[in-house]
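Using the sequences plus the hints, can you model the full thing?
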Amino acid sequence: MRLLKLVPENTNIGFLRWQWPTTIVSTLLMIASWVLILTQGLNLGVDFVGGQMIRVTFTQSAAAPVAALRGEVAALGYGDPVIQTFGAPNAISIRMRLPQGSDKNATMADTMAKKITATIKAAHADARLDGVDSVSGKVSKELGWTAFQALGLAAIAISIYIWYRFEWQFGVGALASLVHDVSLTLGLFAVTQMEFDLTTVAAILTVIGYSLNDTIVVYDRIRENLKKFRKMDLSELLDLSVNETLSRTVLTSATMLITLIALMLLGPKVIFSFSAALILGIFVCTYSSIYMAAPILIWLKVTSSSFVPTETTMDRQERLTREGRP
Amino acid sequence: MLDFPRWKQLWFWFITLVACASALPSICSVSGLSWPSYLPAPRINLGLDLAGGSHLLLEANPDQVVSQRLEGMEESVRTHIRQSDGKVQIGDISNKDGALSFMVQDPGMVDATRDLILPLTSGAGLTGKRDWDIKVVDTTRFVLTPTKEGIDQAVSAAMDTATEVIRKRIDALGTREPTIIRQGADRIVVQVPGLKDPSALKALLGQTAKLEFKLVDTTANPTDVAQGIAEPGDEIVPFAEGAHGAATAPAIAVKRLGGIKGDQLTDARQGFEQRTNQPVVSITFNQEGGAKFAKLTTDNVNRPFAIILDGKVLSAPNINEPILGGSAQISGNFTVASANSLAIALRSGALPVDLRVVEERTVGPDLGADSIHKGVIAMAVGTGLVVLLMLVTYGRFGVYANLALIINVLMILGIMAALGTTLTLPGIAGFVLTIGAAVDANVLINERIREERKRGRRVFAAVENGYKEASRTIYDANTTHIIAATLMFAFGSGPVKGFAVVLMIGIVTSVFTAVFLTRMWVALWLRKARPADLNI
Chain A
1 MRLLKLVPEN TNIGFLRWQW PTTIVSTLLM IASWVLILTQ GLNLGVDFVG
51 GQMIRVTFTQ SAAAPVAALR GEVAALGYGD PVIQTFGAPN AISIRMRLPQ
101 GSDKNATMAD TMAKKITATI KAAHADARLD GVDSVSGKVS KELGWTAFQA
151 LGLAAIAISI YIWYRFEWQF GVGALASLVH DVSLTLGLFA VTQMEFDLTT
201 VAAILTVIGY SLNDTIVVYD RIRENLKKFR KMDLSELLDL SVNETLSRTV
251 LTSATMLITL IALMLLGPKV IFSFSAALIL GIFVCTYSSI YMAAPILIWL
301 KVTSSSFVPT ETTMDRQERL TREGRP
Chain B
1001 MLDFPRWKQL WFWFITLVAC ASALPSICSV SGLSWPSYLP APRINLGLDL
1051 AGGSHLLLEA NPDQVVSQRL EGMEESVRTH IRQSDGKVQI GDISNKDGAL
1101 SFMVQDPGMV DATRDLILPL TSGAGLTGKR DWDIKVVDTT RFVLTPTKEG
1151 IDQAVSAAMD TATEVIRKRI DALGTREPTI IRQGADRIVV QVPGLKDPSA
1201 LKALLGQTAK LEFKLVDTTA NPTDVAQGIA EPGDEIVPFA EGAHGAATAP
1251 AIAVKRLGGI KGDQLTDARQ GFEQRTNQPV VSITFNQEGG AKFAKLTTDN
1301 VNRPFAIILD GKVLSAPNIN EPILGGSAQI SGNFTVASAN SLAIALRSGA
1351 LPVDLRVVEE RTVGPDLGAD SIHKGVIAMA VGTGLVVLLM LVTYGRFGVY
1401 ANLALIINVL MILGIMAALG TTLTLPGIAG FVLTIGAAVD ANVLINERIR
1451 EERKRGRRVF AAVENGYKEA SRTIYDANTT HIIAATLMFA FGSGPVKGFA
1501 VVLMIGIVTS VFTAVFLTRM WVALWLRKAR PADLNI
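Sequence lines, in order, name chains A and B. Going by the working numbering, the first residue of the first sequence is number 1, and it counts up by one from there. Going by the working numbering, the first residue of the second sequence is number 1001, and it counts up by one from there.
Honestly, I wouldn't trust all of these hints.
[What the hints assert, rightly or not] EDC-like mimics (lysine to aspartate or glutamate), calculated; alpha carbons at most 20 Å apart, straight line:
| # | chain 1 | residue 1 | chain 2 | residue 2 |
| --- | --- | --- | --- | --- |
| 1 | A | Lys114 | B | Asp1366 |
| 2 | A | Lys114 | B | Asp1197 |
| 3 | A | Lys138 | B | Asp1354 |
| 4 | A | Lys121 | B | Asp1366 |
| 5 | B | Lys1295 | B | Glu1212 |
| 6 | A | Lys227 | B | Glu1469 |
| 7 | B | Lys1454 | A | Asp239 |
| 8 | B | Lys1454 | A | Glu224 |
| 9 | A | Lys141 | B | Asp1186 |
| 10 | A | Lys138 | B | Asp1063 |
| 11 | B | Lys1096 | B | Glu1075 |
| 12 | A | Lys5 | B | Asp1533 |
| 13 | B | Lys1468 | A | Glu244 |
| 14 | B | Lys1129 | B | Asp1115 |
[Stated by the list, open to error] Stretches of chain A that chain B covers, calculated by requiring three or more beta carbons in the stretch to come under 8 Å of a beta carbon on chain B:
| # | region |
| --- | --- |
| 15 | 3-10 |
| 16 | 130-136 |
| 17 | 148-160 |
| 18 | 206-214 |
Hints are computed from structural coordinates only; laboratory data are not their basis. Cβ atoms here follow ideal geometry from the backbone N, Cα and C, with glycine treated the same way.
Encoded structure:
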């Protein structure tokens, strides 16, 4: 049987020839992402800002009657709702602020949810109530803080691990491509205004994991080649390493994308934004493992001698004894 | 490295079989098959997002515990001093700003008073501190302040009691398998799977059910009462919504002390008032409570007393005759449902603190079923396509990788079932991701073998080197995954945690299946077939 080769054998693509244009593009994209995140803001869900989210599916309709719903809910006098479809056009989430004083009197939030669902059910016969999330301001602050801690600590801990396993230049490179990948993924959420909730944090953490995974595979090969080809020019060596790992990079990305696209198209609609974020994340991570992680090593002047162990006093004594000198 | 002694092979198969076998009960239950009841049946719990149900996070107000302790201490001090046969006289008792203070009239009795009060305090757990701080200021004024250790201990005890009370109340509702756990210093998580409408549950948990009987101060000035001004020794209590008497006045003055608490009950049932057929709650006191109630009603015939629930007056009937039978009826503006709810609450005891819902998540059972269904389909399609891709890319080595992948999925399910972990929706996503990571390990290995062959290594050496070189990369990559997953588990909440659990288990099993198992299979095949070339 002839086996499939997604990448032809013995590729010799000069990846690093494009390092300057790609660096500029990456930097611009990162800046654009942050500008968007800071100006547009993320569409934070009730997990992080508190409030109430009611999920409804209109089982007999092709699309949810969003405009009609907006009027019906607003007429109840609790303020304007934020209504968004998620996953499918007939599934929506309605987000409301918690009524004033509900932190003292818990029944107020309850009454609001009851009134809203009753109104929707009365007006639309095929409305199916899928869930109610109600998060108080205090809890949402805590959830936001713990999510931030998890993200920050994960990034730092993993970079330290890479520093320990490789050299400091590699740690910096891994962290830089990590920042790049996470920024662009967050940028996607700012552009599309998809809801950013706790599940999304899990997606971002996965992007962090995958980003480093990809970077490590390339770095591992670079380290190996640095030891093997002492005299080779660094950019040539980086190109060689990227080419050698290219078919692995493509195949792994392909399998990840297959499973994620299946999850996005066929999976439960609640995790649609989760899968979408990861799909973008895989693309960005693959790109950055080549164009962010590798060139940084040139700028930080990694040399093959970085991996030659320095001689300790004990080694020196041993060598001198071996050489027959006292 | 390709040398596999028999004992090692047996171990690998044993681990694989045990882990996969414990996945069987869960698979049977999802696909509707029956699992023989005489076999052990570890099952994966489905999270509320998949099974449908309610998740409530309740929070207590620690300040309330402090004020209750102060009130309790005031009563204890009064009774203790009274028992000193008039040797010690105290006055100017005040209870404000988180401290209780009083004056001793005879300065010579300060030490005697201290000896009297000291037994009222005790050590705060194992902290080595006392639960109350006793100070004497201006020679005769005693100031009693609860210490931080004492408060912490009291809050903790109150939360333990509250957890028990909640369990009793939910059990009385007849819902199955609720999870009730304390979280942090002052929170309780309640999870009830399969509950469609949590409002009954919330009504039940929101009710502190602190029942009190207090005498009405009939001499109080109605205008003062209406303005909320209480005479010394009185307190103003508002009427409950729709209570009898609420139409004439918004609140009523009652004597602060000398009433009795409704915590000494043996039973509480919903019933009907015989004359009006209104829903009421019939309560039965235990012996001690019955005696106290009999004394209260005997001493105060023809005076009104207020029945107070959670700080609101339900009704204020006149005591027409002494009630000696140890049982009474509570009337109020009840419906059958609310009377029933109160009966359950009274039966299971009062909550030592008010609890309020700070987070609520309810998932309809339809959405949950939909999610499982779609999640399984997405997983099956994704896995199927990956299996196909591996097969056409690596041939025989792809078959090994695919076998490893399927065993990997079964092992994750099996270990989750054995550990009793909960599968949530993000967990399913974690599953999909683990499949990707497991395949990555085999891709790394197989690519490396390809390379080694291209460099002209012989078959055995190529395979051996391939595994050796790729393993280093795989360990490095998986360590970073473990770091991320551990932090997610430690700091994440809810969905993030569910994701992290699957990821952690998946990383371990994927290294076992994708590296160890495939290496064993390849080694056995190589030794048997001794191929001159590899089709890879």
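How the hints compare with the structure:
1. Distance hint between Lys114/A and Asp1366/B is fulfilled; the C-alpha atoms sit about 19 Å from each other, no more than 20 Å.
2. Using a Cα cut-off of 20 Å, the hinted pair Lys114/A and Asp1197/B holds, with the two alpha carbons roughly 10 Å apart.
3. Between the alpha carbons of Lys138/A and Asp1354/B the distance comes to roughly 17 Å, so the proposed pair stays at or under 20 Å and holds.
4. As the CA atoms of Lys121/A and Asp1366/B are separated by approximately 16 Å, the hinted pair is consistent with the 20 Å bound.
5. For the given pair, Lys1295/B sits about 15 Å from Glu1212/B by alpha-carbon distance, which is consistent with the 20 Å threshold.
6. A C-alpha spacing of about 14 Å is found between Lys227/A and Glu1469/B, which places the hinted pair at or below 20 Å, so the restraint holds.
7. Our distance criterion of 20 Å between C-alpha atoms is met by Lys1454/B and Asp239/A, whose separation comes to about 19 Å.
8. A distance of roughly 18 Å separates the Cα atoms of Lys1454/B and Glu224/A; the hinted pair therefore holds under the 20 Å criterion.
9. Between Lys141/A and Asp1186/B the alpha-carbon distance is near 17 Å, which keeps this suggested pair within the 20 Å criterion.
10. Proposed proximity of Lys138/A and Asp1063/B is supported: the alpha carbons are some 17 Å apart, at most 20 Å.
11. Annotation: proposed proximity of Lys1096/B to Glu1075/B holds, straight-line Cα distance about 15 Å (limit 20 Å).
12. Restraint check for Lys5/A and Asp1533/B: the C-alpha separation of about 18 Å stays at or below 20 Å, so the hint holds.
13. The hinted pair formed by Lys1468/B and Glu244/A meets the criterion: a straight-line CA distance of about 17 Å does not exceed 20 Å.
14. Distance hint between Lys1129/B and Asp1115/B is fulfilled; the C-alpha atoms sit about 18 Å from each other, no more than 20 Å.
15. Interface restraint, the region 3-10 of chain A with chain B: holds (6 residues with C-beta to C-beta distance below 8 Å; minimum three).
16. Coverage of the region 130-136 of chain A by chain B holds in this model, with 7 residues showing a Cβ closer than 8 Å to a Cβ of that chain against a need of three.
17. Coverage of the region 148-160 of chain A by chain B holds. Counting CB-CB distances below 8 Å, 6 residues qualify, and the rule asks for three or more.
18. Given as covered by chain B, the region 206-214 of chain A passes the check, having 5 residues with a CB less than 8 Å from a CB of that chain where 3 are the minimum.
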